[in-house]
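> Note that the protein sequences, when read in sequence, are chains A and B.
Residues 1 to 233 in the numbering used here are what the first sequence lists, from first letter to last.
Residues 1001 to 1217 in the numbering used here are what the second sequence lists, from first letter to last.
Among the hints, erroneous ones may be present.
[Unchecked claim] With a straight-line Cα cutoff of 25 Å, these simulated DSS-like cross-link-like pairs (lysine-lysine) come out: (1) A/140 - B/1120; (2) A/72 - B/1120; (3) A/72 - B/1169; (4) A/17 - A/169; (5) B/1169 - A/69; (6) A/169 - A/5.
[As the list claims (entries may be wrong)] Using C-beta positions, here's what the derived DEER-type ranges look like: (7) A/90 - B/1080: 20 to 26 Å; (8) B/1038 - A/218: 48 to 54 Å; (9) A/114 - B/1197: 53 to 59 Å; (10) B/1205 - A/58: 31 to 37 Å; (11) B/1195 - A/67: 53 to 59 Å; (12) B/1060 - A/131: 44 to 50 Å; (13) B/1117 - A/133: 27 to 33 Å; (14) B/1119 - A/131: 17 to 23 Å; (15) B/1003 - A/195: 31 to 37 Å; (16) A/146 - B/1165: 24 to 30 Å.
Note that these hints are calculated values from the structure, not bench results.
Glycine included, C-beta positions come from ideal geometry on N, C-alpha and C.
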Amino acid sequence: MINKKVANVTEALQGVKDNMTFMFGGFGLSGIPENAIAQLVKLNVKGLTCISNNAGVDDFGLGLLLQQKQIKKMISSYVGENDEFERQMLSGELEVELIPQGTLAERARAAQAGFPAFYTPAGYGTEVAEGKETREFNGKMYVLEHAFKADFGFIKAWKGDAAGNLIFKGTARNFNPNMCGAANITVAEVEELVPVGELDPNQIHIPGIFVQRIFQGPHYEKRIEQRTVRQRN
Amino acid sequence: MLDKNGIAKRIAKEVKDGYYVNLGIGIPTLVANFVRDDIEVEFQSENGVLGMGPFPFEGEEDADIINAGKQTITTLPGASFFDSAMSFSMIRGQHVDLTILGAMEVAENGDIANWKIPGKMVKGMGGAMDLVASAENIIVAMMHTNRAGASKLLKSCSLPLTGVGCVKKIVTNLAVIEVTPKGFKLLERAPGVTVDDIKNATEGHLIVEGEIPEMST
Chain A
1 MINKKVANVT
11 EALQGVKDNM
21 TFMFGGFGLS
31 GIPENAIAQL
41 VKLNVKGLTC
51 ISNNAGVDDF
61 GLGLLLQQKQ
71 IKKMISSYVG
81 ENDEFERQML
91 SGELEVELIP
101 QGTLAERARA
111 AQAGFPAFYT
121 PAGYGTEVAE
131 GKETREFNGK
141 MYVLEHAFKA
151 DFGFIKAWKG
161 DAAGNLIFKG
171 TARNFNPNMC
181 GAANITVAEV
191 EELVPVGELD
201 PNQIHIPGIF
211 VQRIFQGPHY
221 EKRIEQRTVR
231 QRN
Chain B
1001 MLDKNGIAKR
1011 IAKEVKDGYY
1021 VNLGIGIPTL
1031 VANFVRDDIE
1041 VEFQSENGVL
1051 GMGPFPFEGE
1061 EDADIINAGK
1071 QTITTLPGAS
1081 FFDSAMSFSM
1091 IRGQHVDLTI
1101 LGAMEVAENG
1111 DIANWKIPGK
1121 MVKGMGGAMD
1131 LVASAENIIV
1141 AMMHTNRAGA
1151 SKLLKSCSLP
1161 LTGVGCVKKI
1171 VTNLAVIEVT
1181 PKGFKLLERA
1191 PGVTVDDIKN
1201 ATEGHLIVEG
1211 EIPEMST
């Protein structure tokens, strides 16, 4: 067993510097690497390029990095629900590249899988395709999109072990598995770090080979963005 | 004239037995409430769930189980969770049978705009560009006119496009319209709405052939 376990978030984020490119798992506030984000706030690294489907809300998730103006550029598919983000974007302080959600997932997966680029129909004929190579296959038009390149990938999983194996829960899985192994260093934080051998190899979503560092987060707030319920009769 | 629930109720009739369906945010989400009980349908949410159920009972919300609108949901027996790349494999690979989404504008050639108002509102396209570029069967659910009273069914879209030539059908508060190579073809009128009302509210070319029936929901 190759040991990927590190003591804590401080050790896990060693090597993080200004002007780096990071990938973050999560959809909305579900499945975001809360402890890594908190540590980035503490380190106050600046000039970051962040690849994440969303940009958090004003006071949680990546919104915390926006508050301290740590982010230079966001690459996302949907950025509503965040007033500070909108303000920084419209004033030009923040550079924003909006890309289709499936393209975002596949650009991460391509990096993970060693594909330099791929063709997708998403965005053909729109401003997303401007300046990009297009090509016809079987009578339909496609846009060439490139794999992401990033320094660190920050992943949140439900359970993991010291070998770096990961299991996700519910829709908190989202972009997390696709981003494992897609950056130079993949840092996974888990709710529960179990002894090696406890996870059933049949049930592992991401094998440890895609993870360089793993730690158990001491606390997860797991904030709910839209609490919708039905009444009992 | 229909309200938002009325639009959703009419669209629910387009949902057939055995369909996998992706519902967008807003009016489309309401469609799930009106699908017949005697057919089997599975709802896909692009954040990674197939087999979505209703909202949870109070106290049973789970931050790890949400839909693409970030609302807490439940799952039904037979449901599955998956990652985002697999989710869009379902969408791009045309395994999803029906996509229902909202729009700011639709053009008579089937172009759709729903993600950006330059200089004013930039929320992003989310999964909409992947959905409209891939789905064979796309229904738009929207009001016929915007808040200022201007038509949303246009000769050509004025806003940045989400996709080109992709919308097949539109259900609004006034009408059911099919997008054909020749323009918007009027299929049904909403209760109490005349053909002239619909003509007046439609900027793009409206094709009216024969008697137009009032829709039954």
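> Between residue 169 of chain A and residue 5 of chain A, does the CA-CA distance stay at or below 25 Å?
At roughly 21 Å apart (the allowed maximum being 25 Å), residue 5 of chain A and residue 169 of chain A satisfy the hint.
> The hint says 53 to 59 Å between residue 114 of chain A and residue 1197 of chain B; measuring C-beta to C-beta, is that right?
58 Å, holds
> Taking the Cβ atom of residue 1003 of chain B and the Cβ atom of residue 195 of chain A, is their distance within the range 31 to 37 Å?
57 Å, violated
> Quick one: are residue 1205 of chain B and residue 58 of chain A within 31 to 37 Å, going by C-beta?
Given about 45 Å between the Cβ atoms, the range is violated.
> Take a quick look at whether residue 1169 of chain B and residue 69 of chain A sit within 25 Å of each other, Cα to Cα.
Between residue 1169 of chain B and residue 69 of chain A the Cα gap is close to 44 Å, so the pair fails against 25 Å, i.e. violated.
> With respect to the beta-carbon atoms only, verify the hint that residue 1117 of chain B and residue 133 of chain A lie 27 to 33 Å apart.
Hint holds: Cβ distance 29 Å, inside 27 to 33 Å.
> With respect to the beta-carbon atoms only, verify the hint that residue 1195 of chain B and residue 67 of chain A lie 53 to 59 Å apart.
54 Å, holds
> Given the hinted pair residue 140 of chain A and residue 1120 of chain B, is their Cα-Cα distance within 25 Å?
The given pair, whose Cα atoms are some 33 Å apart, is violated under the 25 Å limit.
> At the C-beta level, are residue 1060 of chain B and residue 131 of chain A separated by a distance inside 44 to 50 Å?
48 Å, holds
> Are residue 72 of chain A and residue 1120 of chain B close enough, with their CA atoms no more than 25 Å apart?
21 Å, holds
> Just to be sure I understand the hint, the distance between the Cβ atoms of residue 146 of chain A and residue 1165 of chain B should be within 24 to 30 Å; is that true here?
26 Å, holds
> Does residue 169 of chain A sit within 25 Å of residue 17 of chain A, going by the straight-line distance between their CA atoms?
Violated, because 31 Å separates the two Cα atoms, which is more than 25 Å.
When the structure is compared with the earlier hints, violations turn up for hints 1, 3, 4, 5, 7, 10 and 15 and for no others.
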